[in-house]
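First to last, the sequence lines map onto chains P and Z. Numbering (my numbering) for the first sequence: 1 to 236. Numbering (my numbering) for the second sequence: 1 to 242.
Just so you know, these hints were derived from the structure itself, not from any lab. Hints are supplied without guarantee of correctness; some may be wrong.
Distance condition first, Cα-Cα at most 20 angstroms in a straight line; then the derived SDA-like pairs of lysine to any residue [said to hold, decoys possible]:
hint: 1; chain 1: Z; residue 1: Lys87; chain 2: P; residue 2: Lys101
hint: 2; chain 1: Z; residue 1: Lys80; chain 2: P; residue 2: Leu83
hint: 3; chain 1: Z; residue 1: Lys87; chain 2: P; residue 2: Leu83
hint: 4; chain 1: P; residue 1: Lys101; chain 2: P; residue 2: Thr128
hint: 5; chain 1: Z; residue 1: Lys80; chain 2: Z; residue 2: His194
hint: 6; chain 1: Z; residue 1: Lys80; chain 2: P; residue 2: Gly140
Stretch by stretch, here's where chain Z covers chain P in the computed footprint (C-beta under 8 angstroms, at least three residues) [claimed, not checked]:
hint: 7; stretch: 136-147
hint: 8; stretch: 185-198
For glycine and all other residues, C-beta sits at the position ideal for the given N, C-alpha and C.
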Amino acid sequence: MQQDAVPISSILSLLTGDGGNFLGIIFLSLQVTITAVTCAGLVGLPLGAGLALVRFPGRTVIIVLVNTMMGFPPVVAGLAIFLLLSRSGPLGELGLLFTPKAMMIAQFVLVLPIIVALTRQTIEDLWTEYQDHMTSLGAGRLRSIPTLLWDARFSLVTTLLAGLGRASAEVGAILIVGGNIAGFTRTMTTSIALETSKGDLPLAMALGVVLMSLTLVINSLAFGISRVGARFSGKS
Amino acid sequence: MRDTTSMLPLIVRDLRLEMDGRTLLDVPLARIQNRQRNVILGPNGAGKSLFLRVCHGLIAPTSGRIEYTLPVSATEIRRKQAMVFQKPVMLRRSVRANFTHALAMAGVGWYERRRMADEAMAQFGLSGLADSPARVLSGGEQQRLAIARAASLGPDLLFLDEPTSSLDPTASRQIEDMLDVLHERGVTLVLTTHDLGLARRFADVIFFFHNGRLVEENDAERFFTQPETEEAKAFLEHRLFW
Numbered sequence: 001m002q003q004d005a006v007p008i009s010s011i012l013s014l015l016t017g018d019g020g021n022f023l024g025i026i027f028l029s030l031q032v033t034i035t036a037v038t039c040a041g042l043v044g045l046p047l048g049a050g051l052a053l054v055r056f057p058g059r060t061v062i063i064v065l066v067n068t069m070m071g072f073p074p075v076v077a078g079l080a081i082f083l084l085l086s087r088s089g090p091l092g093e094l095g096l097l098f099t100p101k102a103m104m105i106a107q108f109v110l111v112l113p114i115i116v117a118l119t120r121q122t123i124e125d126l127w128t129e130y131q132d133h134m135t136s137l138g139a140g141r142l143r144s145i146p147t148l149l150w151d152a153r154f155s156l157v158t159t160l161l162a163g164l165g166r167a168s169a170e171v172g173a174i175l176i177v178g179g180n181i182a183g184f185t186r187t188m189t190t191s192i193a194l195e196t197s198k199g200d201l202p203l204a205m206a207l208g209v210v211l212m213s214l215t216l217v218i219n220s221l222a223f224g225i226s227r228v229g230a231r232f233s234g235k236s
Numbered sequence: 001m002r003d004t005t006s007m008l009p010l011i012v013r014d015l016r017l018e019m020d021g022r023t024l025l026d027v028p029l030a031r032i033q034n035r036q037r038n039v040i041l042g043p044n045g046a047g048k049s050l051f052l053r054v055c056h057g058l059i060a061p062t063s064g065r066i067e068y069t070l071p072v073s074a075t076e077i078r079r080k081q082a083m084v085f086q087k088p089v090m091l092r093r094s095v096r097a098n099f100t101h102a103l104a105m106a107g108v109g110w111y112e113r114r115r116m117a118d119e120a121m122a123q124f125g126l127s128g129l130a131d132s133p134a135r136v137l138s139g140g141e142q143q144r145l146a147i148a149r150a151a152s153l154g155p156d157l158l159f160l161d162e163p164t165s166s167l168d169p170t171a172s173r174q175i176e177d178m179l180d181v182l183h184e185r186g187v188t189l190v191l192t193t194h195d196l197g198l199a200r201r202f203a204d205v206i207f208f209f210h211n212g213r214l215v216e217e218n219d220a221e222r223f224f225t226q227p228e229t230e231e232a233k234a235f236l237e238h239r240l241f242w
């Protein structure tokens, strides 16, 4: 019982901003995650829409592969990127291993399949509804992509937030490619893993609280946006 | 009546649509005349909607030809015609944006399309709804939006698939008024219906379909007083069951 008093007060002092290291970790986490998800969105949304609408041989195989990649084990992704970026690897020249950029790449690789797969499903469903109208207006499948992406905007924001959720909670891949270097590649999740095994529970728990709050914010946003979206799709 | 600048009449020749060995549509000859109110009449499953879709170019026929009087390009044919679907497709946007989107797809510039959208909304009593999300409108308002949206594109030829089938009498009346306005403007209208009342009030020409076959093409007045075929006679007397 006596033991508990110390961690709780130290959690509080950490949360109220004692120690610049703590805020640095949070900032780096957000920077890596948001950059990765933004890039994955820029690539994944048009890619998913294209996959939904363009017919080409091997399309079904690609859809199954992308869906499978949604469940890609992060440590395996981390290992693959580690091998690519390591000194003797094909991209070793770039010297990216154990940098925040390597972590961004890892999270990009993990989030991209989620965004592509969910976007494809959303756009394909919307296309069955819009097809006649768009064809009647003389717009083919390719020309319809911007219309469909815009009209699916509320579902797609939820898709991006799902990607953000996966990226922010992820630890295996960024631990491998980032190396968990203090002050450089140490994020919330990797710190929690390290501090827990070191026995520094207050820091681990304080970071856990922040991570949970972040997840809460992401989910509240997703919920709010889907409510606004329901109004526009006439389901309110 | 012959208008030398119009691509109409549209002549359908030896049109057949087959799927899995079944003949869904069989139209030896049909002429859609310029500026007429053409009504495709027939019981459910007669192939009325399919015929409309084939004429509009949404479905390619198995064989046969759809000929326009003037030699016009495929793009121009597309530009000169529009279609309103049985279940109107409402984009997840405001009413105004539904207009501007359609006009943008037709290649109308940014300022011009806002002006044309406002004009079309004012003309058909939709201005008050301009900023509402289109999908929260009532069924009748959605149908009016769909027709006004198609009309804003300035088509010569407008196809309408069962435009009043799911509406109450007041909303149907409004739709019929809109169609009268378009008719006076010189738009050639082709609509499908199984509603004899609407056909009697509205049609200049009747195309009577049964089991995918164009059974009778006749002047509306003659069709209702002296139908030429047994099937049409049976349909008018409400005793056509298959």
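Structure-based check of all given hints:
| no. | hint | verdict |
| --- | --- | --- |
| 1 | Z:Lys87 / P:Lys101 | violated (50 angstroms) |
| 2 | Z:Lys80 / P:Leu83 | violated (59 angstroms) |
| 3 | Z:Lys87 / P:Leu83 | violated (55 angstroms) |
| 4 | P:Lys101 / P:Thr128 | violated (40 angstroms) |
| 5 | Z:Lys80 / Z:His194 | violated (27 angstroms) |
| 6 | Z:Lys80 / P:Gly140 | holds (17 angstroms) |
| 7 | 136-147 | holds (count 6) |
| 8 | 185-198 | violated (count 0) |
Of the numbered hints listed earlier, those contradicted by the structure are 1, 2, 3, 4, 5, 8.
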